[in-house]
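Undergrad: Protein chains in written order, with the numbering used here: chain A, 1 to 455; chain B, 1 to 455.
It is worth saying that the hints were derived from the structure and are not from the lab. A few of these clues could be false.
[What the hints assert, rightly or not] Part of the chain A face toward chain B, derived, beta carbon under 10 Å:
hint	residue
1	P17
2	G119
3	A357
4	R382
[As the list claims (entries may be wrong)] Below, a list of computed lysine to any residue pairs in the SDA-like style, where the Cα atoms sit at most 25 Å apart:
hint	chain 1	residue 1	chain 2	residue 2
5	A	K103	B	K326
6	A	K426	A	Q452
7	B	K326	A	V3
8	B	K203	B	H191
9	B	K50	B	E34
10	B	K140	B	R212
11	B	K50	A	V3
12	A	K328	A	V3
13	A	K103	B	N349
14	B	K124	B	Q204
15	A	K124	A	P306
16	B	K408	A	N105
17	A	K50	B	T7
18	B	K428	B	N387
19	B	K50	A	G10
20	A	K140	B	R6
21	B	K124	B	E34
22	B	K451	A	H160
23	B	K103	A	K426
24	B	K140	A	K426
25	A	K396	B	L145
26	B	K428	B	N349
27	B	K399	B	L430
28	A	K124	A	K428
29	B	K103	A	R406
30	A	K328	A	P9
31	A	K103	A	R30
32	B	K103	B	N319
33	A	K428	B	E34
34	A	K328	B	K451
35	B	K402	A	E101
36	A	K408	B	R443
37	B	K399	A	N105
From a predicted model like this one, the values you see are computed outputs, not experimental measurements. Beta carbons are placed, not taken as given, at the ideal position from N, Cα and C, and that holds for glycine.
So the chains spell out like this:
2 protein chains.
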Amino acid sequence: MPVPPRTPPGVLELLPPQQLAFQHMLDTIRRGFERFGFVPVETPAFELTKVLLTKSGGETEKQVYFVQSTGALKQADGELPELALRFDLTVPLARYVAEHEAKLNFPFRRYQIQRVYRGERAQKGRYREFYQCDIDVVGKDTLPLAYDAEIPAVIYSVFHQLAFGPFTIYLNNRKLLRGLLIAFGVADDRHEAVLHEIDRLGKQPRGELEARLTGEGFGMDPGQVTQLFDLMTGGAGDSRAAFAALGRIEHPNPTLAEGIDELRRVYDGTIALGVPERALQVNLAIVRGLDYYTGTIYETLLDDHPRLGSICSGGRYDNLAGHYTKSKLPGVGISIGATRLFSQLLEMNLIDAARAAVAHVLVLSVDPALAADCARMAAELRDAGLNVEVYGGDDKLGKQLKYADRSKIPLAVIYGSRERDAGVVKVKDLREAAVTKEHDVPRADLVLRIKQLVG
Amino acid sequence: MPVPPRTPPGVLELLPPQQLAFQHMLDTIRRGFERFGFVPVETPAFELTKVLLTKSGGETEKQVYFVQSTGALKQADGELPELALRFDLTVPLARYVAEHEAKLNFPFRRYQIQRVYRGERAQKGRYREFYQCDIDVVGKDTLPLAYDAEIPAVIYSVFHQLAFGPFTIYLNNRKLLRGLLIAFGVADDRHEAVLHEIDRLGKQPRGELEARLTGEGFGMDPGQVTQLFDLMTGGAGDSRAAFAALGRIEHPNPTLAEGIDELRRVYDGTIALGVPERALQVNLAIVRGLDYYTGTIYETLLDDHPRLGSICSGGRYDNLAGHYTKSKLPGVGISIGATRLFSQLLEMNLIDAARAAVAHVLVLSVDPALAADCARMAAELRDAGLNVEVYGGDDKLGKQLKYADRSKIPLAVIYGSRERDAGVVKVKDLREAAVTKEHDVPRADLVLRIKQLVG
Numbered sequence: 001m002p003v004p005p006r007t008p009p010g011v012l013e014l015l016p017p018q019q020l021a022f023q024h025m026l027d028t029i030r031r032g033f034e035r036f037g038f039v040p041v042e043t044p045a046f047e048l049t050k051v052l053l054t055k056s057g058g059e060t061e062k063q064v065y066f067v068q069s070t071g072a073l074k075q076a077d078g079e080l081p082e083l084a085l086r087f088d089l090t091v092p093l094a095r096y097v098a099e100h101e102a103k104l105n106f107p108f109r110r111y112q113i114q115r116v117y118r119g120e121r122a123q124k125g126r127y128r129e130f131y132q133c134d135i136d137v138v139g140k141d142t143l144p145l146a147y148d149a150e151i152p153a154v155i156y157s158v159f160h161q162l163a164f165g166p167f168t169i170y171l172n173n174r175k176l177l178r179g180l181l182i183a184f185g186v187a188d189d190r191h192e193a194v195l196h197e198i199d200r201l202g203k204q205p206r207g208e209l210e211a212r213l214t215g216e217g218f219g220m221d222p223g224q225v226t227q228l229f230d231l232m233t234g235g236a237g238d239s240r241a242a243f244a245a246l247g248r249i250e251h252p253n254p255t256l257a258e259g260i261d262e263l264r265r266v267y268d269g270t271i272a273l274g275v276p277e278r279a280l281q282v283n284l285a286i287v288r289g290l291d292y293y294t295g296t297i298y299e300t301l302l303d304d305h306p307r308l309g310s311i312c313s314g315g316r317y318d319n320l321a322g323h324y325t326k327s328k329l330p331g332v333g334i335s336i337g338a339t340r341l342f343s344q345l346l347e348m349n350l351i352d353a354a355r356a357a358v359a360h361v362l363v364l365s366v367d368p369a370l371a372a373d374c375a376r377m378a379a380e381l382r383d384a385g386l387n388v389e390v391y392g393g394d395d396k397l398g399k400q401l402k403y404a405d406r407s408k409i410p411l412a413v414i415y416g417s418r419e420r421d422a423g424v425v426k427v428k429d430l431r432e433a434a435v436t437k438e439h440d441v442p443r444a445d446l447v448l449r450i451k452q453l454v455g
Numbered sequence: 001m002p003v004p005p006r007t008p009p010g011v012l013e014l015l016p017p018q019q020l021a022f023q024h025m026l027d028t029i030r031r032g033f034e035r036f037g038f039v040p041v042e043t044p045a046f047e048l049t050k051v052l053l054t055k056s057g058g059e060t061e062k063q064v065y066f067v068q069s070t071g072a073l074k075q076a077d078g079e080l081p082e083l084a085l086r087f088d089l090t091v092p093l094a095r096y097v098a099e100h101e102a103k104l105n106f107p108f109r110r111y112q113i114q115r116v117y118r119g120e121r122a123q124k125g126r127y128r129e130f131y132q133c134d135i136d137v138v139g140k141d142t143l144p145l146a147y148d149a150e151i152p153a154v155i156y157s158v159f160h161q162l163a164f165g166p167f168t169i170y171l172n173n174r175k176l177l178r179g180l181l182i183a184f185g186v187a188d189d190r191h192e193a194v195l196h197e198i199d200r201l202g203k204q205p206r207g208e209l210e211a212r213l214t215g216e217g218f219g220m221d222p223g224q225v226t227q228l229f230d231l232m233t234g235g236a237g238d239s240r241a242a243f244a245a246l247g248r249i250e251h252p253n254p255t256l257a258e259g260i261d262e263l264r265r266v267y268d269g270t271i272a273l274g275v276p277e278r279a280l281q282v283n284l285a286i287v288r289g290l291d292y293y294t295g296t297i298y299e300t301l302l303d304d305h306p307r308l309g310s311i312c313s314g315g316r317y318d319n320l321a322g323h324y325t326k327s328k329l330p331g332v333g334i335s336i337g338a339t340r341l342f343s344q345l346l347e348m349n350l351i352d353a354a355r356a357a358v359a360h361v362l363v364l365s366v367d368p369a370l371a372a373d374c375a376r377m378a379a380e381l382r383d384a385g386l387n388v389e390v391y392g393g394d395d396k397l398g399k400q401l402k403y404a405d406r407s408k409i410p411l412a413v414i415y416g417s418r419e420r421d422a423g424v425v426k427v428k429d430l431r432e433a434a435v436t437k438e439h440d441v442p443r444a445d446l447v448l449r450i451k452q453l454v455g
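Bound conformation, chain A alone (with noise of 0.2 Å):
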């Protein structure tokens, strides 16, 4: 009785069609990055679990997956295995670079797009194992805030190449909303709160998060509530506008005069470096987790898609290696979760796997007397940077021109005694488009012809 053969449950597995298309995005994404001259970066799947998890119990631990050879499936009540999959690409960054500190040149600036592990309870929407694709720039003890203008300007040009349509990438900075807090009374003790309420605006009622607010857990003045709201959701798609509110907060203090400071420059920065003021904007009601980052944050939303949430977000952090080094590494970054927009776009039908096949042209098998000359014809077409399958065996025709068919393959070839008599290739278009479907091509012609049809 056979296995039945099944994907583990929480994993993205495609098809070849989806599969190219999904490394595309992939490709075209290691190419943004590359533009602008990042490294790259690969770690092992597994880490030493100590190394991993520096903290024990928590959120995190619950979600770490172990892994152990039969020998060692048995440890010691309450120990750990030795290994552990990677969960993000941050924790082994921080890792990499404070095992090789003195062999990097800083800033240092790495990509790296791999795929990580998650424990998490399989349901929809929610992987076990998923691409991450990351870059930072980290520095040494300091780090220009022109880096932090920097990376919009990466975002832009990556998302602009994937062509996912129209998309905007939201502005904030972690000082300037503590700034605000403490300009609007928040107790020191009370802004990771206030902050994780604010977090929610968008997602849930207004109404609802003022209410707990001016409640008794937080007791708020119900006009001060209003007013930051307002500022907070003012402006909306109006960064001059934001900037002008945020120039009128009454009672201001060095930290929001900070946190004003970095975000303009990181915005004057940006929009200097070339992305179009559409494609920019500062959104004060951004929060982005509560202890990573310090300084600049991002979120980008689809503008057509605003219900994906943010599809590339990070910010800058203060110290990315503390636990395992002395050195002060502050940096910037920003994670695209590749395989959760792939999935979510290829639901909505918004990913193009048009180009289904990987070759270019398929070379038909009609004589066997003839099958070095077709062989040479491949080899020639292949030189010419063009992808060649060579079907094997006798099988009919019209068996052949259907396996090219169904494998999307856009032009066969054939060569048999009659093209060489006459000095001919026939190249049968096989696209719905084609306007001529077979075409009798000289010989000598050839590799230029089918690269004209390829185009």
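Please arrange chain B on chain A, whose structure you already have, making use of the hints.
TA: Below, chain B alone, put in the same frame as chain A:
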């Protein structure tokens, strides 16, 4: 006290210059596979344990890494965790083809370049995580022998592109080997054991092997063993001589005849596909595993580095996915162990990590007032297909140039008020071999000149 940042044992983690070289190698392999029209497949790193381990016990299971989250760490005695990391790409291919059979187009030609995992004892040259680069052509019910001849053509094309020096693809056939043993009077039930000894030819002294085969365990006739070994090792470097010797075998049998016929057709077919004779050799001493391959088998050796062993091996199998489906799926394929090969070449200083930077150009930061002009310059260069990094912040010129040099970025561009007034850009060529170290290039010619300099 910080946690010591350590890479887990048994993995190959690279610094950026080496990572770039490795990525170049993987890209070259991938492009080579695509040139022949193979389509990409990626499967998850883990599979359901019951799918991965269709037979329980044995050597394989000992090397398998199991994957489990904290909650599942304690399982009933003797019960295996639900998930396990793949140890090769063949079992996932079998599962993939069986699972998606109805949606695939046969012959199914896929390539897969991913990491696999083995719970090896950590020791030099043994990896717990390593890349495999596989291609397979899988037929439904039958698969023409033409595909067996295509595979060495792909190997040739890929290793020609990789440019690791001269190499030879060795061909043999399992049917031929079985036929030989029949012709030499070896009983069916001893075939595996005798092939196991033959597999050691070239690795152990021939005398020792002869002694074993003529000793108690095997009891073969000394004259026959000599004749067999002469046949297998003779005609080295001369495929025609090997075929001639095969033709002289006394008492031929149908299995032998079929094997010889297949080997000859694969050899001739490969030559017809343009693989030069010097790069293809029949080698009757190749055995390649004991129960998986059923026809053609391949090994590939670097002529100048035979000690590396086979760097690309594979063969023909009768039925890929018998564990998962009743469909008969014959196939032929090869695998390149990219991590092991790369690390060995690296150790022998045969990897050129000269292009150590992704960026072709570093735009220096000399005058904040001209930052927008510099940004425009960078954007122009990127649009022309160049990778460009812009230095952030206002460090002294010397420090910026030192960064470029340490990062091995070949060109640096300076645009200050002097250059602006003169309508030029200063281009510094930082490469050792540069004859002219500094060029003043008219602003309008910048892209063209940089492209010329990059070459």
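Undergrad: None of the hints should be skipped; say for each whether it holds.
TA: Results of checking the hints against the structure:
Hint status for P17 (chain A): holds, given a least beta-carbon distance of 8 Å to chain B, under 10 Å. Hint status for G119 (chain A): holds, given a least beta-carbon distance of 3 Å to chain B, under 10 Å. Checking A357 (chain A) against chain B by beta carbon gives a least distance of about 7 Å; that is within 10 Å, so the hint holds. Because the smallest distance between the Cβ of R382 (chain A) and any Cβ of chain B comes to about 5 Å, under 10 Å, the interface hint for this residue holds.
Proximity of K103 (chain A) to K326 (chain B) is assessed by CA-CA distance (about 55 Å); at most 25 Å being required, the pair is judged violated. Simply put, K426 (chain A) and Q452 (chain A) have alpha-carbon atoms about 15 Å apart, close enough for the 25 Å limit, and the pair holds. For the hint linking K326 (chain B) to V3 (chain A), the alpha-carbon distance of about 11 Å falls within 25 Å, and the restraint holds. The suggested pairing of K203 (chain B) with H191 (chain B) holds, with an alpha-carbon distance near 20 Å, which does not exceed 25 Å.
Under the criterion of a C-alpha separation no larger than 25 Å, the hint pairing K50 (chain B) with E34 (chain B) is inconsistent with the structure, at around 33 Å. For the suggested pair K140 (chain B) and R212 (chain B), the alpha carbons sit about 42 Å apart, so the restraint of at most 25 Å is broken. A distance of roughly 8 Å separates the Cα atoms of K50 (chain B) and V3 (chain A); the hinted pair therefore holds under the 25 Å criterion. Using a Cα cut-off of 25 Å, the hinted pair K328 (chain A) and V3 (chain A) is violated, with the two alpha carbons roughly 53 Å apart.
For the suggested pair K103 (chain A) and N349 (chain B), the alpha carbons sit about 19 Å apart, so the restraint of at most 25 Å is met. At roughly 22 Å between alpha-carbon atoms, K124 (chain B) and Q204 (chain B) fall within 25 Å of each other, so this suggested pair holds. Between K124 (chain A) and P306 (chain A), the direct Cα distance comes to roughly 19 Å. Compliance with the 25 Å bound is thereby established for this hinted pair. The straight-line distance between the Cα atoms of K408 (chain B) and N105 (chain A) is roughly 10 Å, inside the 25 Å bound, and the hint therefore holds.
The straight-line distance between the Cα atoms of K50 (chain A) and T7 (chain B) is roughly 11 Å, inside the 25 Å bound, and the hint therefore holds. With a CA separation close to 16 Å, the supplied pair K428 (chain B) and N387 (chain B) stays within the 25 Å bound. Taken as a hint, the K50 (chain B) and G10 (chain A) pair is honoured in the structure, with Cα atoms around 17 Å apart against an allowance of 25 Å. About 20 Å separates the Cα atoms of K140 (chain A) and R6 (chain B), which keeps this hinted pair within 25 Å; it holds.
Only pairs whose Cα atoms come within 25 Å are accepted, and K124 (chain B) paired with E34 (chain B) is rejected, the gap being roughly 33 Å. Of the supplied pair hints, the one linking K451 (chain B) and H160 (chain A) holds, its CA atoms being roughly 24 Å apart against a limit of 25 Å. A hinted pair counts as satisfied when its Cα atoms are at most 25 Å apart, and K103 (chain B) with K426 (chain A) does not qualify at roughly 30 Å. Proposed proximity of K140 (chain B) and K426 (chain A) is contradicted: the alpha carbons are some 28 Å apart, above 25 Å.
Proposed proximity of K396 (chain A) and L145 (chain B) is supported: the alpha carbons are some 17 Å apart, at most 25 Å. Among the hinted pairs, K428 (chain B) with N349 (chain B) is inconsistent with the structure: their alpha-carbon atoms are about 29 Å apart, more than 25 Å. At roughly 14 Å between alpha-carbon atoms, K399 (chain B) and L430 (chain B) fall within 25 Å of each other, so this suggested pair holds. Taking the CA atoms of K124 (chain A) and K428 (chain A), the gap is near 43 Å; set against the 25 Å cutoff, the hint is violated.
Our distance criterion of 25 Å between C-alpha atoms is met by K103 (chain B) and R406 (chain A), whose separation comes to about 10 Å. A C-alpha spacing of about 41 Å is found between K328 (chain A) and P9 (chain A), which places the hinted pair above 25 Å, so the restraint is violated. Between K103 (chain A) and R30 (chain A), the direct Cα distance comes to roughly 24 Å. Compliance with the 25 Å bound is thereby established for this hinted pair. Pair hint K103 (chain B) plus N319 (chain B) holds up; C-alpha atoms about 19 Å apart against a cutoff of 25 Å.
With a CA separation close to 21 Å, the supplied pair K428 (chain A) and E34 (chain B) stays within the 25 Å bound. About 38 Å separates the Cα atoms of K328 (chain A) and K451 (chain B), which puts this hinted pair outside 25 Å; it is violated. Of the supplied pair hints, the one linking K402 (chain B) and E101 (chain A) holds, its CA atoms being roughly 17 Å apart against a limit of 25 Å. For the given pair, K408 (chain A) sits about 47 Å from R443 (chain B) by alpha-carbon distance, which is inconsistent with the 25 Å threshold.
The suggested pairing of K399 (chain B) with N105 (chain A) holds, with an alpha-carbon distance near 12 Å, which does not exceed 25 Å.
The structure does not agree with the numbered hints 5, 9, 10, 12, 21, 23, 24, 26, 28, 30, 34 and 36 stated previously, though it agrees with the rest.
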